[in-house]
Amino acid sequence: DTEVTQTPKHLVMGMTNKKSLKCEQHMGHRAMYWYKQKAKKPPELMFVYSYEKLSINESVPSRFSPECPNSSLLNLHLHALQPEDSALYLCASSQAGGSYNEQFFGPGTRLTVL
Amino acid sequence: SQQGEEDPQALSIQEGENATMNCSYKTSINNLQWYRQNSGRGLVHLILIRSNEREKHSGRLRVTLDTSKKSSSLLITASRAADTASYFCATDALTGFQKLVFGTGTRLLVSP
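The listed protein sequences derive, respectively, from chains A and B. In this text, residue positions in the first sequence follow the working numbering: the first is -13, and each later residue adds one. In this text, residue positions in the second sequence follow the working numbering: the first is 2, and each later residue adds one.
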């Protein structure tokens, strides 16, 4: 199985809502990532988990809260978001360690904040 | 910022023609990768070239890397309509192996 799955595909939420994005992979990868991508822009790294521990946080606002419950799952909890947070949120995974590892991406969650 | 710059921003060609995209980056790297993204979807890894390699091939793809100029190019030969997508280069800094920084991307349109 070389697939990264993400749910939901689309999410519309108000600024007072709490929601979660989910990501799952069964490739045995021990590094997982969250990216944010605005329209016609490249993906921007948000968080990296390595062996279920947060290893990189790119100064992301606290209204985004990542969680890695186990080696196959990655969540992104959303609370009190702003309209400018509307974007495509991409999850990816890779082998951990080393520098020659391709990342496998999920299809993304299209988030709209009203 | 380490973000790479890609040119052209957009490229429109006919099926059967070759497409060349260029990527420039700012800092020393371990490797450079190229990804493809179909509209509004996830990215697909195409090819990885290490900093000590100068050229790499994969099917219809040819990638070159010039570390002295901090630049790379992606050549797609005999393009097909299905190659229509955005193409991004991605680099990692010498520290922080897991941190990929993506270039600005090239939008390729291949017309039948």
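Simulated from the structure, these hints should not be mistaken for lab results. From the three backbone atoms N, C-alpha and C, an ideal C-beta is built for every residue, glycine too. Where hints are given, some of them may not hold.
What the hints assert, rightly or not - PhoX-like, lysine-lysine: derived pairs with alpha carbons at most 20 Å apart:
| hint | chain 1 | residue 1 | chain 2 | residue 2 |
| --- | --- | --- | --- | --- |
| 1 | A | K27 | A | K5 |
| 2 | A | K5 | A | K(-5) |
| 3 | A | K8 | A | K22 |
| 4 | A | K27 | B | K27 |
| 5 | A | K39 | B | K100 |
| 6 | A | K27 | B | K70 |
| 7 | A | K8 | A | K(-5) |
| 8 | B | K27 | B | K70 |
| 9 | B | K27 | B | K100 |
| 10 | A | K(-5) | A | K26 |
| 11 | A | K5 | A | K26 |
| 12 | B | K100 | A | K24 |
| 13 | A | K27 | A | K4 |
| 14 | B | K100 | A | K22 |
| 15 | B | K27 | B | K71 |
To be verified - Computed from the model, here is a short list of chain A residues facing chain B with C-beta under 10 Å:
| hint | residue |
| --- | --- |
| 16 | L31 |
| 17 | P69 |
| 18 | E88 |
Hint check results:
no. : hint            : in the structure
1   : K27/A x K5/A    : violated, 24 Å
2   : K5/A x K(-5)/A  : holds, 13 Å
3   : K8/A x K22/A    : holds, 14 Å
4   : K27/A x K27/B   : holds, 18 Å
5   : K39/A x K100/B  : holds, 15 Å
6   : K27/A x K70/B   : violated, 24 Å
7   : K8/A x K(-5)/A  : holds, 10 Å
8   : K27/B x K70/B   : holds, 9 Å
9   : K27/B x K100/B  : holds, 15 Å
10  : K(-5)/A x K26/A : holds, 19 Å
11  : K5/A x K26/A    : violated, 25 Å
12  : K100/B x K24/A  : holds, 19 Å
13  : K27/A x K4/A    : violated, 26 Å
14  : K100/B x K22/A  : holds, 14 Å
15  : K27/B x K71/B   : holds, 7 Å
16  : L31             : holds, 6 Å
17  : P69             : violated, 19 Å
18  : E88             : holds, 4 Å
Consistency with the previously given hints fails for numbers 1, 6, 11, 13, 17, ordered from lowest to highest.
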